[in-house]
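S.K.: This is what each chain is made of:
Number of protein chains: 2
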Amino acid sequence: MGWVHARRNMGKVAFFDLRDRSGLVQVVVVPDELDEASKGVVDSIRPEYVLEIRGLVQERGAKQVNPDMATGTVEVLAKSVQVLNTAKTPPFEIDKDTRNVNEELRLQYRYLDLRSERMQKNIRERDRIISFFRRYMHQHDFVEIETPILMKGTPEGSREFIVPSRLHPGNFYVLPQSPQQFKQLSMVAGFERYFQIARCFRDEDSRGDRQPEFTQLDFEMSFVTQEDVLQYTEAMFTSLIKELYPTKRISQDPFPRLSYQESMEKYGTDKPDLRKDPSDPDELSFAWILDFPMFEKDEEGNITSMHHPFCSVKEEDKEKLMDGKDLFSIRANAYDLVLNGYELSSGSIRIHERDMQKRIFELLGISEEEQQLRFGHMLEAFEYGAPPHGGFAPGIDRIVMLLMAEPNIREVIAFAKTGDMKDLLMHAPSPLPNKALREAHIHISDEA
Amino acid sequence: MGWVHARRNMGKVAFFDLRDRSGLVQVVVVPDELDEASKGVVDSIRPEYVLEIRGLVQERGAKQVNPDMATGTVEVLAKSVQVLNTAKTPPFEIDKDTRNVNEELRLQYRYLDLRSERMQKNIRERDRIISFFRRYMHQHDFVEIETPILMKGTPEGSREFIVPSRLHPGNFYVLPQSPQQFKQLSMVAGFERYFQIARCFRDEDSRGDRQPEFTQLDFEMSFVTQEDVLQYTEAMFTSLIKELYPTKRISQDPFPRLSYQESMEKYGTDKPDLRKDPSDPDELSFAWILDFPMFEKDEEGNITSMHHPFCSVKEEDKEKLMDGKDLFSIRANAYDLVLNGYELSSGSIRIHERDMQKRIFELLGISEEEQQLRFGHMLEAFEYGAPPHGGFAPGIDRIVMLLMAEPNIREVIAFAKTGDMKDLLMHAPSPLPNKALREAHIHISDEA
Chain A
1 MGWVHARRNM GKVAFFDLRD RSGLVQVVVV PDELDEASKG VVDSIRPEYV
51 LEIRGLVQER GAKQVNPDMA TGTVEVLAKS VQVLNTAKTP PFEIDKDTRN
101 VNEELRLQYR YLDLRSERMQ KNIRERDRII SFFRRYMHQH DFVEIETPIL
151 MKGTPEGSRE FIVPSRLHPG NFYVLPQSPQ QFKQLSMVAG FERYFQIARC
201 FRDEDSRGDR QPEFTQLDFE MSFVTQEDVL QYTEAMFTSL IKELYPTKRI
251 SQDPFPRLSY QESMEKYGTD KPDLRKDPSD PDELSFAWIL DFPMFEKDEE
301 GNITSMHHPF CSVKEEDKEK LMDGKDLFSI RANAYDLVLN GYELSSGSIR
351 IHERDMQKRI FELLGISEEE QQLRFGHMLE AFEYGAPPHG GFAPGIDRIV
401 MLLMAEPNIR EVIAFAKTGD MKDLLMHAPS PLPNKALREA HIHISDEA
Chain B
1001 MGWVHARRNM GKVAFFDLRD RSGLVQVVVV PDELDEASKG VVDSIRPEYV
1051 LEIRGLVQER GAKQVNPDMA TGTVEVLAKS VQVLNTAKTP PFEIDKDTRN
1101 VNEELRLQYR YLDLRSERMQ KNIRERDRII SFFRRYMHQH DFVEIETPIL
1151 MKGTPEGSRE FIVPSRLHPG NFYVLPQSPQ QFKQLSMVAG FERYFQIARC
1201 FRDEDSRGDR QPEFTQLDFE MSFVTQEDVL QYTEAMFTSL IKELYPTKRI
1251 SQDPFPRLSY QESMEKYGTD KPDLRKDPSD PDELSFAWIL DFPMFEKDEE
1301 GNITSMHHPF CSVKEEDKEK LMDGKDLFSI RANAYDLVLN GYELSSGSIR
1351 IHERDMQKRI FELLGISEEE QQLRFGHMLE AFEYGAPPHG GFAPGIDRIV
1401 MLLMAEPNIR EVIAFAKTGD MKDLLMHAPS PLPNKALREA HIHISDEA
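So the sequence lines, in the order shown, correspond to chains A and B.
If you use our numbering, the first sequence corresponds to residues 1 to 448, in order.
If you use our numbering, the second sequence corresponds to residues 1001 to 1448, in order.
This is chain A alone, in the form it adopts within the complex:
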């Protein structure tokens, strides 16, 4: 059973390339060999029809062997042909690479685009890569914990999707930008090694290669130093490449390490592309960027945390922190992993002491009242024996994109949205009936 990939007629004989998830096989249809029921249907069969074929597998003649096809030495001589479903002519050719087809058309007919060989492979390789990470994590005694997707508003508030509650009028959940707080609380809960292939959400203005939802390999470890996290992560990525993509080469192993300052001075960016030959699709150039500043100035000139307010600061810089002096020179125990010029992940050793966490909030200008309202649960958790901990969260979409040598993450996401967050297949977002809004206790602003 499968789909008609291509059809060729030679006189009375028809040849179908039949496609299923394992690949292609050639079917030969000779009218005299068919049962009565099948004879009438053969003429009508066109590409992408779904067929059930019964017949005999036979060797091809020496001249008919196709060395470009995995099943090229055999063919199926059809005895019966049944049409399971018909198909209109697809709006673009799916027996070829769809890379150059208009992308909006591909996203609208994603279920056809995904039939193409390259897209099938991308989605299946994505699963293989994620499965590798899961196996590696489990082998190293991590436990996968599912954390909530309906959660409470957090600091970076303005980029969070909000979800009105039907049961609690005027109240809202938000969708997590990352499970940051839950993974830290999992450390307080004594799991010591947590991971999750986690869906994350960010409602930010269209920025080219971003999606409103994305996937991270989120993990956190207790009783570790920055060096422990770096070494664990580096060994994991090295194993991934060796096991799954042995033809790819890691240009520098161990991965080079640069301080944030060095990277900015030398390359003018904290995401340097250190490949020797950027045109080589098999070169993978990982790099660690270390010693990020704890604080920076935001667009309005206010002090803000460069990564996030839960990062711990370097032992040597703690005095400055306590004195509130020279704040922008304070370095956090924060690190990024970069691959071929893309940031794969940010991580840090976190604060696990209540007083230190309060000091950071204070320096960030968060009032006592606001601290309690927004982070009271974290401050309280730190009072009950929180262990030292730290973690990381490599972005799955980018990893798969780079390993598949694709130009953007939409090519490795089955049902991707456009750069401006539209689902062209189902047409989301969309207006809702008033009843739905009324039940959620909201209405649309007049300005909208």
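Incorrect hints may have been included.
If you want the footprint, here are the derived chain A segments under chain B, 3+ residues with CB under 8 angstroms [claimed, not checked]:
no.: 1; stretch: 60 to 68
no.: 2; stretch: 118 to 124
no.: 3; stretch: 335 to 347
One-sided and incomplete, this derived list gives chain B residues near chain A with beta-carbon spacing under 8 angstroms [said to hold, decoys possible]:
no.: 4; residue: H1140
no.: 5; residue: I1162
no.: 6; residue: K1276
no.: 7; residue: P1387
Just so you know, these hints were derived from the structure itself, not from any lab.
For every residue, glycine included, the Cβ atom is placed at its ideal position computed from N, Cα and C.
Got chain A; can you put chain B on it based on the hints?
M.R.: Relative to the frame of chain A, chain B by itself:
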């Protein structure tokens, strides 16, 4: 390194039970054996403090051996003791089973509740069960595909969480009650065998043991009959029990099969509890319920689909469907799996033909215009060579609950919400600043 589980003093000597993710070990602290820095801290140490201990592992004297402890034949003689973090006295005892502690208190201090032995085990077993399913699915050539969480509104509209779009004023995403449409589209896309450990969402009025978000083992297969899905599923559950819980017994193997009508007549329910001894925590009584009616009357007396409008109907009943006669006697290719009186999953062989799908919509009183608006993408997809397909979606929370012999699903969800959908740990849902609502182009209804 670990947490102080218990402390006992005998004269000058102190005994700590130190707990980490591997279990407990006894630490003996004799002042004379300690280095100078450690001497001052020992007196202050209380339960749930986080310690780093260095010392010698030694055999216990014959009288001191504790047969109830995995490490009961040894102890650690401390040479240095460092306090990594202090701890206030927890609001409930976590060195005992927390089952009888006030549940609201447990949910508020979930990070302490999760330190208890039973909760640690529940969450780790949950991971083991999910890992089993993933392995089984991969071994049987299924591919895990991540489908969107921000999607378009669907038929069962009124129980969907809604998410306003910031970029597209007045438009909304909804959170999926299941990946139903995406998994069917994955079949149209030619993946043939899809699965996903999928987060699903339902905003319904508080109903005891429900959570607003829950997890399903969602799967779908092409070119299968109902019998194929039943046999695959049954073999999977049988393997799960044999491999992971060999001391549990499946009361009837193969699982008994009842028609919906039989079950209703004989047991007055479509979720019969067929256990021989309901007090035996090791008895597992699976049952298949088959031949569900395609249609039923809703509370207002309107015709509606019993499972959902994508179910196919029995070959023998197709004529009635076409004639529009005797509709409530039409049976769908729909099946439920029941375990110990709980519905684990609903599934069906789906419609894969456009005309049949339109006929069902028509009988459900969905106008042509509404069909296009809500399901146009599905009807269109069926025109491009959709294969016959069907699937299932066992609920992970209930499976883990029943295997752990817990009374409700909150006991097997790390960060569970209350029955009325509140997160007592972080305090969600919560009011949001006006700025956040303005950016989402909504405001709160006056009635709220």
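S.K.: Closer than 8 angstroms Cβ to Cβ for three or more residues is the test here. Does the stretch 118 to 124 of chain A pass it with chain B?
M.R.: holds (count 3)
S.K.: Do the numbers back the hint for B/P1387, that is, is its least Cβ distance to chain A under 8 angstroms?
M.R.: 5 angstroms, holds
S.K.: Taking 8 angstroms as the Cβ threshold, is the statement that the stretch 335 to 347 of chain A is covered by chain B upheld or broken by the three-residue rule?
M.R.: It is violated: at least three residues are needed, and the stretch 335 to 347 of chain A offers just 0 whose Cβ sits closer than 8 angstroms to chain B.
S.K.: Is the interface hint satisfied for B/H1140? The criterion is a beta-carbon contact with chain A at less than 8 angstroms.
M.R.: 12 angstroms, violated
S.K.: Verify the interface restraint on B/I1162: the C-beta must sit less than 8 angstroms from at least one C-beta of chain A.
M.R.: 6 angstroms, holds
S.K.: Given B/K1276 as an interface hint, is its Cβ closer than 8 angstroms to any Cβ of chain A?
M.R.: 34 angstroms, violated
S.K.: For the stretch 60 to 68 of chain A, do three or more residues have a beta carbon lying closer than 8 angstroms to a beta carbon of chain B?
M.R.: violated (count 0)
Hints 1, 3, 4, 6 from the list above are not met by this structure, while the remaining hints are.
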